[in-house]
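Chains A and B, in that order, are what the protein sequence lines are.
Just add 686 to the spot in the first sequence (first one is 1) and you have the working numbering.
Just add 26 to the spot in the second sequence (first one is 1) and you have the working numbering.
Hints in this document: simulated from the structure, not taken from any laboratory.
Note that beta-carbon positions come from the ideal geometry of N, C-alpha and C, so glycine has one too.
Any given hint could turn out to be false.
[To be verified] Just a few of them, taken from the derived set where beta-carbon distance is under 8 Å, the chain A residues facing chain B:
#1 724
#2 728
#3 729
#4 731
#5 734
#6 788
#7 789
#8 791
#9 792
#10 793
#11 794
#12 798
[Stated by the list, open to error] Here are some chain A residues pointing at chain B (derived, C-beta under 8 Å):
#13 717
#14 719
#15 740
What follows is each chain in one-letter form.
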Amino acid sequence: TQLLEQSPQFLSIQEGENLTVYCNSSSVFSSLQWYRQEPGEGPVLLVTVVTGGEVKKLKRLTFQFGDARKDSSLHITAAQPGDTGLYLCAGDAPLGGTSYGKLTFGQGTILTVHP
Amino acid sequence: NAGVTQTPKFQVLKTGQSMTLQCAQDMNHNSMYWYRQDPGMGLRLIYYSASEGTTDKGEVPNGYNVSRLNKREFSLRLESAAPSQTSVYFCASSEFFTADNYGYTFGSGTRLTVV
Numbered sequence: 687t688q689l690l691e692q693s694p695q696f697l698s699i700q701e702g703e704n705l706t707v708y709c710n711s712s713s714v715f716s717s718l719q720w721y722r723q724e725p726g727e728g729p730v731l732l733v734t735v736v737t738g739g740e741v742k743k744l745k746r747l748t749f750q751f752g753d754a755r756k757d758s759s760l761h762i763t764a765a766q767p768g769d770t771g772l773y774l775c776a777g778d779a780p781l782g783g784t785s786y787g788k789l790t791f792g793q794g795t796i797l798t799v800h801p
Numbered sequence: 027n028a029g030v031t032q033t034p035k036f037q038v039l040k041t042g043q044s045m046t047l048q049c050a051q052d053m054n055h056n057s058m059y060w061y062r063q064d065p066g067m068g069l070r071l072i073y074y075s076a077s078e079g080t081t082d083k084g085e086v087p088n089g090y091n092v093s094r095l096n097k098r099e100f101s102l103r104l105e106s107a108a109p110s111q112t113s114v115y116f117c118a119s120s121e122f123f124t125a126d127n128y129g130y131t132f133g134s135g136t137r138l139t140v141v
């Protein structure tokens, strides 16, 4: 069983602050995705990272995939109240693995941004 | 709007009752999944269907059955509901791995309470 550990579990910050959420594992993933979920809704895909060391930017959000493809981080610059939500990382198995195509999810980080 | 549609959105069952959760996607995706989400535990895979005509167990399949009715529809059945099955259930779909944009599209969930 592949495990993804997210930290922190809870994050409460003021508008304008920066933050980083971490997603770590002892397993290697062929890809890693980040999702954002709002109350009463399903998770929505933010980004997929595939290559070790890859960095992707989505407006104020920066995503990084570790060189060894075992970990990832999400950095938000100048957080806004609209960023509030549950952030989930999810990993796919290495190519050729029997679980290929099935995602393993971290337990999530609940972010609250206060005005 | 294109996406994944789940019904019902809310359901209360008595212990021992049965019910079927319905899921349909209109994106012509090959793969479909059922997850459950519990506080502090992230999303756990119940069953998945890699393609039409195939289904397989995920991490927590006990107490559930599935049917991939056609390419669009994937249903989840609880034969004899138990309080431990109180959860939020999400259906998701995906295309085969295509690198950059790979990820799941989720439905909005079914909130199930078993009393």
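Against the structure, the hints:
1. 724: The hint is violated - residue 724(A) has no Cβ within 8 Å of chain B, the shortest such distance being about 10 Å.
2. 728: At 3 Å from the nearest chain B Cβ, residue 728(A) passes the 8 Å test, so the hint holds.
3. 729: Hint holds; residue 729(A) Cβ to chain B Cβ min 5 Å, cut 8 Å.
4. 731: At 4 Å from the nearest chain B Cβ, residue 731(A) passes the 8 Å test, so the hint holds.
5. 734: Residue 734(A) check passes; min Cβ-Cβ to chain B is 5 Å, inside 8 Å.
6. 788: holds, 6 Å
7. 789: Residue 789(A) check passes; min Cβ-Cβ to chain B is 7 Å, inside 8 Å.
8. 791: holds, 4 Å
9. 792: holds, 6 Å
10. 793: holds, 4 Å
11. 794: Result: holds, 6 Å to nearest chain B Cβ.
12. 798: violated, 16 Å
13. 717: It holds, given that the least Cβ distance between residue 717(A) and chain B is near 6 Å, below 8 Å.
14. 719: Hint on residue 719(A): holds, closest Cβ of chain B at ~5 Å, below 8 Å.
15. 740: Status violated, d = 10 Å.
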